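Student: Read off the chains here:
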Amino acid sequence: MTTSVSLAPGRATRIRRLLPGTGVQAAISALVLVAVLAPVVPLVYASVQSAPIYQPGRYFTVAAYRQLFTDPAFWRAAGNTAEFAAITTAGALVLGGGFAVVCGRTDVPGRRWYPGLLIAPLVLPPLGLILGWNALYGPGGYAHDFLTQTLHLPFNLSTVPGMAVLGTAVAVPVVFLVCQSALSGMDSSLEDAARSVGAPALRVLGEVTLPMLRPALVNAGLLVFTLSIESLGIPLVFGSPQGHDFIASYLYTQWSSAFTPGPPVVSAGATVLLGCACVLLLLRGTLLRNQARFVTIGGRQGAVGGVPGGVRLPAAARLVLSVLLGLYVAVTTFAPIAALGLSSVTTELTPLIAPWHLFTAGNWRAIGQGAFASSIRNTVEIALAGALITTAVVALATAVAHRSRFPLRRGLPFLLLFPRAIPGLIIGIGFFWTFLLVNPPGHALLDSLWGVMLALSVRSLTIAYFVLSAAFAAVGESLDDAARSAGASWWAAITRITLPILRPALFAAFILMFISILHD
Amino acid sequence: MGVTMLQSEQQGVNGPVAALAMVQVAITVVAIAVAGRLFAARTRGRRNA
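Sequence lines, in order, name chains Y and H. The first sequence begins at 1 in my numbering and counts up by one. The second sequence begins at 1 in my numbering and counts up by one.
Just so you know, the hints here were simulated from the structure itself, not pulled from any lab data. Quantities reported herein were computed from a predicted structural model and do not represent experimental measurements. Accuracy of the hints is not assured; some may be wrong.
Sample of chain Y residues with no beta-carbon within 12 Å of chain H, all distances over it, derived [as the list claims (entries may be wrong)]:
#	residue
1	Ala-194
2	Pro-200
3	Gly-275
4	Asp-447
Derived DEER-like restraints, expressed as beta-carbon distance ranges [to be verified]:
#	chain 1	residue 1	chain 2	residue 2	range
5	Y	Arg-377	H	Arg-37	39 to 49 Å
6	Y	Ala-473	H	Val-30	23 to 33 Å
7	Y	Trp-450	H	Ala-26	22 to 32 Å
8	H	Arg-37	Y	Val-34	14 to 24 Å
9	Y	Phe-359	H	Gln-7	18 to 28 Å
10	Y	Pro-109	H	Arg-37	23 to 33 Å
11	Y	Thr-286	H	Val-30	14 to 24 Å
12	Y	Val-380	H	Arg-37	18 to 28 Å
13	H	Val-30	Y	Ala-193	41 to 51 Å
14	H	Ala-26	Y	Ser-478	38 to 48 Å
15	Y	Pro-109	H	Gln-7	42 to 52 Å
16	H	Gln-7	Y	Ala-361	15 to 25 Å
Built from N, CA and C at the ideal position, the CB exists for glycine as well.
My request is simple: use the sequences and hints to build the entire structure.
Tutor: In structure tokens:
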């Protein structure tokens, strides 16, 4: 008896293997497309209607845009936003870039510890940090009189420059991370060459290191500017009560105080904000592509041991810089969190009475019941479920984008990065309109935690994509090919070979998504 | 939690808002600590791999 081995699968087998894999890939791609565009399309549609979407008898018009652009309050808010974003970006670039150079290129004491402390504001809840700053440096804050009367600093958190100081403190970690990453990949032999011909340390840092950091600084600057123009928490807590609105707080106030809920002017303003954010991120993307030409030409790697690729500073300068770094971290991050903690155990935090005379457990008892307790429960449930589901969907979508032959796969990375361009307020307004327009299941989602979970998950899914796309790139395609050659389908190869290898990355993505949704 | 904190802060309820914010900080720190321990255990476990 002879046995013939067929080297090529038969037509029926080829169809059987093609359809399920392609069907799953198409379903995943469609899910991502709908989820990412769901808040955007209804928002733009709502902005060109004469009345809110839920009202009958409306018609196409650009009256909402006309109303927006003739409202002096909108232009005041736009001016405040531009001023805030400009000051924040400039301050964050100077401090973040400076800290990255000091920690990465000098022999300052503590340079191994400070990077972790400097990025703490990224990990802490933004609203917690804002409330801590309010408790410590705000108009009635614990340290406000010390700053204004003892140190004679003209500091007022309710003004735009004052808010920009807080914005800078929040944005410095972003610039620091981008510059640190750029410095660690930079060949240090150019700096070594400058030092070898006798250039002093400051001159090397100023004329060699900083110019090499220019692409990273431009990249970080655009990112910080984009994040700053969508800032909502800072103007709501500090600016709005004093009449200093930003665009996001202007839209929030218009939305919540309108006579008829959801006026088209808010959708128009949200569309304008979304357009600005998209233009800025496109510009950043274009500049990032061009920076590939900005490559340091060097020979061997920097020196091993001592200060690899770094400059040795005089002892006094090292001490001063180290103390300044420590003071900066204490003043901008740990003192406000300590003030927040003290606020939570006192009836009132005031410099006029010593805190230990005002200790109370009443605040913690209050959050253990009623709306506060249910908000904690809801947030943790939403964060856990949202992180789990979104990590799974983004993992499969990343597999389709980078590990499949699906014809439309090249559009998936753009879709997965797009939510980063959408300000949080816009996602909320956009999903509101989506749930109203698409019913069922819109109204059910609007009334339940699932709707909130969907909106928050879409807002944060770019984080999961960053982690997982880098992880997929580190796993060779040969493993997938070996599985496919043994007869496994695309789904089996991904779920039984690739994703199990990526378990650490999946877990990292889950934790980052959980923290991001928790903080929103 | 974020919406509750913002709305309560605008109404001047500062003490419970600060406590809620500390709960948010605590959950974040716990999540990072758990992640750090799990990754450290995985690295140590594979030392001889």
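Student: Does each hint hold? Answer for all of them.
Tutor: Verification of the supplied hints:
1. Ala-194: holds, 38 Å
2. Pro-200: holds, 41 Å
3. Gly-275: holds, 26 Å
4. Asp-447: holds, 16 Å
5. Y:Arg-377 - H:Arg-37: 39 to 49 Å: violated, 25 Å
6. Y:Ala-473 - H:Val-30: 23 to 33 Å: Given range 23 to 33 Å: holds, Cβ gap about 31 Å.
7. Y:Trp-450 - H:Ala-26: 22 to 32 Å: holds, 26 Å
8. H:Arg-37 - Y:Val-34: 14 to 24 Å: Violated: the Cβ-Cβ distance is about 38 Å, outside 14 to 24 Å.
9. Y:Phe-359 - H:Gln-7: 18 to 28 Å: holds, 26 Å
10. Y:Pro-109 - H:Arg-37: 23 to 33 Å: Once the Cβ atoms are compared, 29 Å apart, the range 23 to 33 Å for Arg-37 (chain H) and Pro-109 (chain Y) holds.
11. Y:Thr-286 - H:Val-30: 14 to 24 Å: violated, 41 Å
12. Y:Val-380 - H:Arg-37: 18 to 28 Å: holds, 20 Å
13. H:Val-30 - Y:Ala-193: 41 to 51 Å: holds, 48 Å
14. H:Ala-26 - Y:Ser-478: 38 to 48 Å: holds, 45 Å
15. Y:Pro-109 - H:Gln-7: 42 to 52 Å: Since the Cβ atoms of Pro-109 (chain Y) and Gln-7 (chain H) sit about 45 Å apart, the hinted range of 42 to 52 Å holds.
16. H:Gln-7 - Y:Ala-361: 15 to 25 Å: holds, 23 Å
Going through the hint list in order, the structure does not satisfy hints 5, 8 and 11.
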